[in-house]
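Engineer: Heads up: the sequence lines are chains A and B, in that order.
By the working numbering, the letter at position 193 of the first sequence is numbered 193, and the numbering carries on one by one without gaps.
By the working numbering, the letter at position 73 of the second sequence is numbered 1073, and the numbering carries on one by one without gaps.
Since the hints were made in silico from the structure, they are not lab data.
Take these hints with a grain of salt, some might be off.
[Claimed, not checked] Every beta carbon over 10 Å from chain B, so not counted as near; a handful from chain A, in silico:
#1 Q113
#2 P155
#3 T199
#4 L264
#5 P268
#6 E292
[Said to hold, decoys possible] Computed Cβ-Cβ distance ranges for the label pairs, DEER-style:
#7 B/D1093 to A/L264: 45 to 51 Å
#8 A/P53 to B/D1093: 32 to 38 Å
#9 B/Q1007 to A/Q284: 49 to 55 Å
#10 B/H1008 to A/E143: 23 to 29 Å
#11 A/D185 to B/H1008: 45 to 51 Å
#12 B/H1008 to A/Q262: 39 to 45 Å
#13 A/N252 to B/A1029: 17 to 23 Å
#14 A/R232 to B/I1009: 31 to 37 Å
#15 A/S117 to B/I1009: 43 to 49 Å
All C-beta atoms, glycine included, are put in the ideal place defined by N, C-alpha and C.
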Amino acid sequence: MSQAAGSPLAETIPRAGLVPALFAIALGGCALIPGGTPPEGIGTAAIELVDTPFFPQERYQCGPAALMTVLTDSGAQTSLDALVDQVYLPGRQGSLQAELVAATRAAGRIPYQLDGSMQAIRTELEAGRPVLVLQNLGVSWYERWHYAVVVGVNPEKSQVVLRSGTESRHVTDAQTFMRTWRRSDSWALIVLRPGELPTNPDQHRYYQALSALEETGHFSEARGGWQAALDRWPGDTVALFGMANAELALDNFPAAESLYRQLLTQNPSSPAVRNNLAHALARQGEKTEAVEQIGLALDSVLDDEQMRLELEDSLREIQGGGDH
Amino acid sequence: MKPSIFQHIVARLMAIAIISMGFVQVSAAGVIGTQQMVNSEARQDQLAHIETLLARQDVASQLALYGVAPEMVMERVQNLTNAELAALEGKMDQQVAGGDILALIGAVFVVLLILELTGVIDIFKAK
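Next comes chain A alone, as it looks inside the complex:
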């Protein structure tokens, strides 16, 4: 993948015999056995996102380069240098999956993991989204973990097209791709703009991604995500709660309050909703009603010691007036 790998490699080849011949064939890109049936889910028509940008990697830095490709494609403002600082791990000469996910959040995008099928890649390509994948290009005893970006598939030729390493258009046999990809448990990631949904969203996985944005303090991105969820699944309890929590964290107290109240009409016995409603009220100076709401919540959690502790914390917080 890297230019650096090319030169020492060439020096190790014996000068005569079969090996140089094989080498020539390999460099000719003509694999002998690959081919055959295209993988399931690859579709029927060829598709390629030719406008997806390309950022050639520096040594060991396929992680930042591949991430830069998908982030830039989604319109995020970042730079390769910034991403190297955020995801490259010098002591490991590589990047961890969790850190690519984390850096996607830092860039204001929603990291959403696909289900690991060729069908899912194809579907996202059709929606115009390139797919970041982790491959092990080597074998178990010679591991070569590598991040690349799928930008196209060609069912007829059974090929996959990638932005990979220093190659802007790496065309590989689709079955070979499947093998190298499967070694990472078929890890595949797309980056979504807040407000954008995956083509066939898995609700739980999408909600996890949004809740992670909230947990790491990216509230306005989370809000955009929850709004899209509510457009797709109107009145959904978790999405309403997420939306309300985002509004609360963004200091939009009346908006948060009205969402919590909407939730209570659907589910009057939720102590978590009452707890957060109390905070939304307290932040608007409605201390009396806030305390009342905590009281109502406490009445409903006799058997839930953990929730009781949380509600009592909230009560102290609200009565102390230090809710911030």
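Take the given structure of chain A and dock chain B to it, following the hints.
Structural biologist: Coordinates of chain B only, in the frame set by chain A:
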């Protein structure tokens, strides 16, 4: 590369210093996060809170040990969720790190070449 004991101590101290600078308080005290509703088992009790702090410290010190600049350590840890921190805690050396291909040595090269031609691996440039 195996970090020395000295490096371990420095990284650990650095992590503690960074952590004690304090992370941004992400959500207001007492507010219940959406995660509890997404995953009902994801309860943030007192014990979990301490475990999270320890995981954070551990991941921070591992990042420092692996050569991440001190000023970046906190930012990187900040964007990881509690679940991700727990998954990385004490295991960063076992996580897959996507990098690229290293220089190959003779005999290994021949075997790899055969594997490449049979489509088992995809190391060599196709041009």
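Engineer: Each hint should be assessed against the structure and marked as holding or not.
Structural biologist: Cross-check of the supplied hints:
1. Q113: 12 Å, holds
2. P155: For A/P155, whose nearest Cβ neighbour in chain B is about 17 Å away, the distance exceeds 10 Å, so it holds.
3. T199: Check passes; 21 Å lies beyond 10 Å.
4. L264: Non-interface label on A/L264 holds, nearest chain B Cβ at 14 Å vs cutoff 10 Å.
5. P268: 16 Å, holds
6. E292: Given a closest Cβ separation of 16 Å, the condition holds.
7. B/D1093 to A/L264: 45 to 51 Å: 48 Å, holds
8. A/P53 to B/D1093: 32 to 38 Å: Because 33 Å falls inside the window, the suggested range holds.
9. B/Q1007 to A/Q284: 49 to 55 Å: 51 Å, holds
10. B/H1008 to A/E143: 23 to 29 Å: 25 Å, holds
11. A/D185 to B/H1008: 45 to 51 Å: For B/H1008 against A/D185, whose Cβ atoms are near 31 Å apart, the range 45 to 51 Å is violated.
12. B/H1008 to A/Q262: 39 to 45 Å: 52 Å, violated
13. A/N252 to B/A1029: 17 to 23 Å: At roughly 18 Å between Cβ atoms, B/A1029 and A/N252 fall inside 17 to 23 Å, so the hint holds.
14. A/R232 to B/I1009: 31 to 37 Å: 51 Å, violated
15. A/S117 to B/I1009: 43 to 49 Å: The hinted range 43 to 49 Å holds for A/S117 and B/I1009, with Cβ atoms some 47 Å apart.
Going through the hint list in order, the structure does not satisfy hints 11, 12 and 14.
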